[in-house]
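Student: Residue-level listing of the chains:
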Amino acid sequence: MIGGALLLVIVLASIAAPWLGTVDPISIDPSHRLRGPSADNWFGTDRFGRDLYSRVIYGGRISLIVGLSVAALATLIGLAIGLVSGYLRAVDAVVMRVMDGMMAIPAIMLAIALIALSKASVLIVIVAVTLPEVPRVVRLVRSIVLTIREQPYIEAATAIGTSVPRIMLRHLLPNALPPLIVQATYICASAVLIEAALSFLGAGTPPEIPSWGNIMAEARPYFQLKPWMVLLPGVFLAVTVLAINLVGDGLRDMLDPRLARRM
Amino acid sequence: MHVFLIRRLLAAVPVIVVVTIFVFALLHLAPGDPAAIIAGDLATAEDVAKIRAKLGLDQPLLIQFFTWIGQLVRGDLGNSIFSAHPVSELIGQRLEPTLSLTLMTLFISVLLAVPLGVIAAWRVGSWIDRAVMGFAVFGFSVPGFVIGYVLIWLFAIELDWLPVQGYTPLSKGVWPWLSNILLPSITLALAYMALIARITRAAMLETLSQDYIRTAHAKGLATEDVLRRHALRNAAIPIVTVIGIGVALLIGGVVVTESVFAIPGLGRLTVDAILRRDYPVIQGIILVFSGAYVVVNLVVDMLYTVLDPRIRY
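Chains A and B, in that order, are what the protein sequence lines are. Using my numbering, you'd call the opening residue of the first sequence number 1 and step up by one each time. Using my numbering, you'd call the opening residue of the second sequence number 264 and step up by one each time.
Honestly, the hints are just simulated from the structure, not real lab data. Don't take every hint at face value.
Just a few of them, taken from the derived set where beta-carbon distance is under 7 Å, the chain A residues facing chain B [stated by the list, open to error]:
1. R97
2. P106
3. I108
4. A113
5. A116
6. L117
7. L193
8. A196
9. A197
10. G202
11. V230
12. A238
13. V241
14. L242
So, partial list: chain B residues that the calculated Cβ filter (under 10 Å) puts toward chain A [as the list claims (entries may be wrong)]:
15. V282
16. I301
17. V427
18. V510
19. S522
20. V523
21. A536
22. I545
Virtual Cβ for every residue (Gly too), placed ideally from N, Cα, C.
Given the sequences, and given the hints that come with them, work out the whole structure.
Tutor: This is the structure we're talking about:
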């Protein structure tokens, strides 16, 4: 509940960014560089004199766009591969070996490798963060399909001549959906984290678009004197990820009471 | 035992093959001409052609692949585009700081998270349990670099107890080494601890509800013995599994943490390589990290047979 409310506030703030006392987050003002927090600049200004408060509020947009797109993309791709792989044994062995291999590559490294080879853009970041998340979805969907395909009603459906795609859509998909929605929220949280980490390392969102990760990266040289320049965007990032994870926990408890008691 | 060992080793082969193919394919799947992107915006057509030749991108795909595999098998990871040094040499120089950081993190995490999880499960529903679970959500949500900066601000700047950044090799003395490695290890450990504590608690809850636990209590065993010898031993498998899987998390965290604390390890090498688009170095580091992940999880699988003699491969 707290998570949902928090997340709602963050989403609304990002959408309503232009009306929240912000100025243009990329307009520079060299005469007002590196100012401390004041009535004009609530969070102070950065080394180009850009208003940090505006940058932080607008920065949330990138995090949420990346988080939601990655969650949607990874879930859809993973669902498709998982359904097919779980139901058709011939495909399964090969697909699962490929997934095992992908899971052996740390997510950030896989994303870094992709981004190092492309021109920086938000789209590339989304693709690069989606790729390492797919195997996790595939494994989840496949494990559900493997238990359900042995159920008598699937056998019955096959016996009366239901086609394979129809079995997948009508019988397997509805069973896989609840845990998948929970998984998607966790992927969203993880994607927000990875995007921030990539931007922080200089391999993410291009510097002209403010994102929490690159705002922190740009403030690093001034950390010892002006720690808030790094810590404020960090707090926003942490609260957002926390809120998404709490929503995930809430959904899990709601959709799977059996699991909730144990976890 | 030897048969299991060999069989498990063989099962790791396809994973390594897929990783290798994947790392190779990335160079070709990426949109645009990798040689042009590596060369940068200011490069002339000649520079691009030079880089293409250096990476072997002017050769047919299959020849490129087998040349690369042939080099890999001989332990040759190619040369850095930027410095022309062999990648294996560059990685070797950076190994100590990264190993120090990861091993210290592993030590701190397991030492603290397993007891926390056990206590939370034992006192399920109590304030301790809620505190541990709260910590687990927190540790998993707050990014490493944010925690890192908070710790630096608190312990290095405000309290001035520990150095802000940097790394001192172990050969220069234990305390200088420890004082530099402590904050980054705690930073890196938080997410890992959250994961381990959560799974430990869940696994312990499962075993604590078993009949033999009630029997153990009934025959008058001390609570500590019941928890340690009866419950924890039987909950060990999922805990050890998550420690192995969590290594992927740890490796990702290393890159960011080393960057925050200016530790000259593999993570820093990665960041420098990104900025210079030094692709052979990035490829080499991915292979080393993925190899480490596969080896750790191999060891975990081996541990299964020790922890639970019923498991046979």
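Student: Would the stated hint for B:V523 survive a check requiring a Cβ distance to chain A of less than 10 Å?
Tutor: B:V523 check passes; min Cβ-Cβ to chain A is 8 Å, inside 10 Å.
Student: Would you settle whether the hint for A:R97 is holds or violated, based on the nearest Cβ-Cβ distance to chain B being less than 7 Å?
Tutor: OK, holds: A:R97 within 7 Å of chain B, min 5 Å.
Student: Just to be careful: measuring from the Cβ of B:S522 to every Cβ in chain A, is the smallest value less than 10 Å?
Tutor: 6 Å, holds
Student: Going by Cβ atoms only, is B:A536 closer than 10 Å to chain A?
Tutor: Since the shortest Cβ distance to chain A is 7 Å, the answer is holds.
Student: Can we keep the A:L193 interface hint, with Cβ of chain B closer than 7 Å?
Tutor: 5 Å, holds
Student: Hint B:V282 vs chain A: min CB-CB distance below 10 Å?
Tutor: Holds, because the Cβ-Cβ distance from B:V282 to chain A comes to roughly 5 Å (cut-off 10 Å).
Student: Closer than 7 Å between Cβ atoms is the bar; does A:A116 clear it against chain B? Give me holds or violated.
Tutor: Holds, about 5 Å.
Student: Hint check: is the beta carbon of B:V510 less than 10 Å from a beta carbon of chain A?
Tutor: The hint holds - B:V510 has a Cβ within 10 Å of chain A, the shortest such distance being about 9 Å.
Student: Is the interface hint for B:I301 satisfied, with its Cβ closer than 10 Å to some Cβ of chain A?
Tutor: Interface hint status for B:I301: holds (8 Å vs cutoff 10 Å).
Student: Verify the interface restraint on A:A196: the C-beta must sit less than 7 Å from at least one C-beta of chain B.
Tutor: This interface hint holds because 6 Å falls under the 7 Å limit.
Student: Next item in the hint list is A:G202. Is there a CB on chain B closer than 7 Å to its CB?
Tutor: Nearest chain B Cβ about 6 Å off; hint holds.
Student: Using 7 Å as the Cβ threshold, decide whether A:P106 counts as touching chain B.
Tutor: 4 Å, holds
In summary, the structure agrees with every hint in the numbered list given earlier.
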